[in-house]
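Undergrad: For reference, the chains in residue letters:
Number of protein chains: 2
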Amino acid sequence: MNPVRDMKKENKESNKSRFSNGVKKSTLKLVSGGVAAPTGFLASGLHCGVKAKSKKKDLSLIYSETLCNAVGVFTTNKVQASCVVINKEHLKGGKGQAIIANSGNANCMTGKKGFADSHAMAKTAGEALGVSEEHVCVASTGVIGQPLQIGLIVNAIPALAEGLSTAGSTDAALGILTTDRTIKEVAAEIVIGGKKVRIGAIAKGAGMIHPQMGHATMLCFVTTDAAVAPKALRAALDEAVGQSFNMITIDGDMSTNDMVLLLGNGMAGNKTITKGSKEFIVFSNALAELFLILAKLMVRDAEGATKFVEISVGGAKTSADAQKVARSIASSNLVKCALFGSDPNWGRIAAAAGYSGAYVDPWKMKIYIGKELVLKNGGGVSKSPASLDRIFAKKDIHITVDLGVGKSGASAYTCDLSTSYVEKNSAYRT
Amino acid sequence: MNPVRDMKKENKESNKSRFSNGVKKSTLKLVSGGVAAPTGFLASGLHCGVKAKSKKKDLSLIYSETLCNAVGVFTTNKVQASCVVINKEHLKGGKGQAIIANSGNANCMTGKKGFADSHAMAKTAGEALGVSEEHVCVASTGVIGQPLQIGLIVNAIPALAEGLSTAGSTDAALGILTTDRTIKEVAAEIVIGGKKVRIGAIAKGAGMIHPQMGHATMLCFVTTDAAVAPKALRAALDEAVGQSFNMITIDGDMSTNDMVLLLGNGMAGNKTITKGSKEFIVFSNALAELFLILAKLMVRDAEGATKFVEISVGGAKTSADAQKVARSIASSNLVKCALFGSDPNWGRIAAAAGYSGAYVDPWKMKIYIGKELVLKNGGGVSKSPASLDRIFAKKDIHITVDLGVGKSGASAYTCDLSTSYVEKNSAYRT
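Sequences listed follow chains A and B, in order.
So the first sequence is residues 1 to 430, counted in the numbering used here.
So the second sequence is residues 1 to 430, counted in the numbering used here.
Hints listed in this document are in silico derivations from the structure and should not be mistaken for laboratory results.
The list cannot tell twin chains apart, which means a pair is met if one copy fits it or any two copies do.
Once the Cα atoms are required to be at most 27 Å apart in a straight line, the calculated BS3-like pairs of lysine-lysine come out as: (1) 123 x 55; (2) 424 x 394; (3) 424 x 395; (4) 195 x 95; (5) 113 x 371; (6) 376 x 78.
Kindly produce the complete structure, drawing on both the sequences and the hints.
TA: Here it is as structure tokens:
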């Protein structure tokens, strides 16, 4: 699988959507190198032993040669891992230079030791890199409630720092995976005021994923050599997250550890991007597109998923209403079970639209599966069972809901709910 | 299985809960006869053919010899079946005398024909019973989006009316089942001002069940011979639903057809119960207890469920907070998968409490599984894996969360999420 190539193809296809999802038509030039594609960024990843049962990588490092403007978006869960709490503290100054992350253990609900361990990760990484602790962000992902084997991590940090390179992004992307089957890595080059500027990102997430009110819900680390003013960086991140990670759902559960971190070192030499400028729009659209690629990769990699489902909602009174309907359908266990079984039970889609909280008039709503109209005028459109079965049997399914009461739209992305998802999640710890 | 006897035993046990769920300790005298236990009520049920693939009963009738005060609670889904819309219209006058219900087809999203069919059900039943159409309530449950075979129903109504008897409640309870494995039928006798008064109820529901902001989410038909003033009847119904059906969840999906209907014919001869009186409290507590019995039966009968789970939350700042936490845990797919797999992953319980929207301080929260404390002071309590596995392997699991920040409590009831649930719901229509 070549995720980047596949997603390029898909981006082109999804532009054919009946409704726009707010992301502009893709003109992005994708490049290799992931988080190390932007000038001045290095990355590495290795196996330190937190993943005790395998030799898979479980520790990652991202480093900028110069101090960056840094912003983050974090889970809104009241139960937050120590890394989330510490990063919020570190980012109050708006600066950062490195990110260290482990997989295999979320270091959450681990008491005071958990906080000491997260601090030790940041401090030790800072010492190895010659960076002060508050300029290092920390992330952990994996099982909740188990003490972190901090000794393994601390001992491995010198080798991790030693291993930093411009070719290290893939290792870093591997080092943050948990139940993911594929890495999530992407980078693009755009032109800002005549200067070539790059944005790179790695992400992880295949379960315990659910968007929640403008906040992130998985790990994503983003680097850019663009010079971006702090407020513009904040605004670009929030907008991009809102259009991408907040519009996917896998299982409706919101994690304790989720975060998106964005470091901008300005080494591309462009005139600093300020909020509201033409350059800001170019930058934030590119960021949103990259995030949407990663978000879709997460859904495609969803635990136990056999199908990828795009839900486009149009004709809504407001954007918020369109998002509610799209997310309600994307989150419905019954819709997701029907998708798994290729059962053309479109009534469940209508029901999920109805309980979304948005303004819905069942007499004006139309539902399409692929290009086939299945509901209008408050009732089903007569179809042969065979033709409906054929549509629902596809691996990529596009559900379109035209609410018929306004002009706003939104898209959400989800997967089916399979017996395999239940099996995986009924024995995650064991 | 004798649900009533089992639930009596369980009621006694659940009184041992660490936190009260608001329902007073049971002193209810349960009686047989279901909806026909109260004086003046008759019921019947038969197979008319809407369930085409079996000979199971699919049409039910409940009738009072005299006109009743009548109230209902309905789904808040914006996509509502025609029966819901019509009942709201009929109940504007506050009176009713009969309920006709079919299973096998929800008659929802069936266009104008759907409304005509629901009207035909009410009208034909009214003619057979000598009751005006607006005093007949209608209900349908089953698959959405398929035209109702109204001819089968209309043709069967004379026999259905003919079959009405004081022994007909069980047939009526059978006639409203869809994927349910057991009937849900209960009745009790209480004393109001020296008069013996009865309340009877039948219900159905084993999937597409999720509580939603003070509104009902399945079918439940309730009869009483108590004389209850209209406002008192309304208040008693709302309070009882809030403590019972609104605190259970099976799959998080809210139906288009759900309703609770309550008919009171006053034939017990008690002095009319008015809101706020001592008699009102006795009556509404009894109603709440009966509803909780039915609600628990629904959870025990949940599609594919292998476990019954009670979640008691205490130490909350407000009752609303306690309900949020209890329902968030009860609704978490990841918690429910862990329960299915008997995987002692209590971190997921803490995470679900954290994203509930309630005030939660992770350092003050305690979590118990059965009597075993597993979380305190922000971290796990050291336990042998064998002892944790033993607790999670039980069929009846009691999770207690002490938020440690206040004095309010609430209980919710749920089941596990099994591979069998997914299998059933991936091929419901076929």
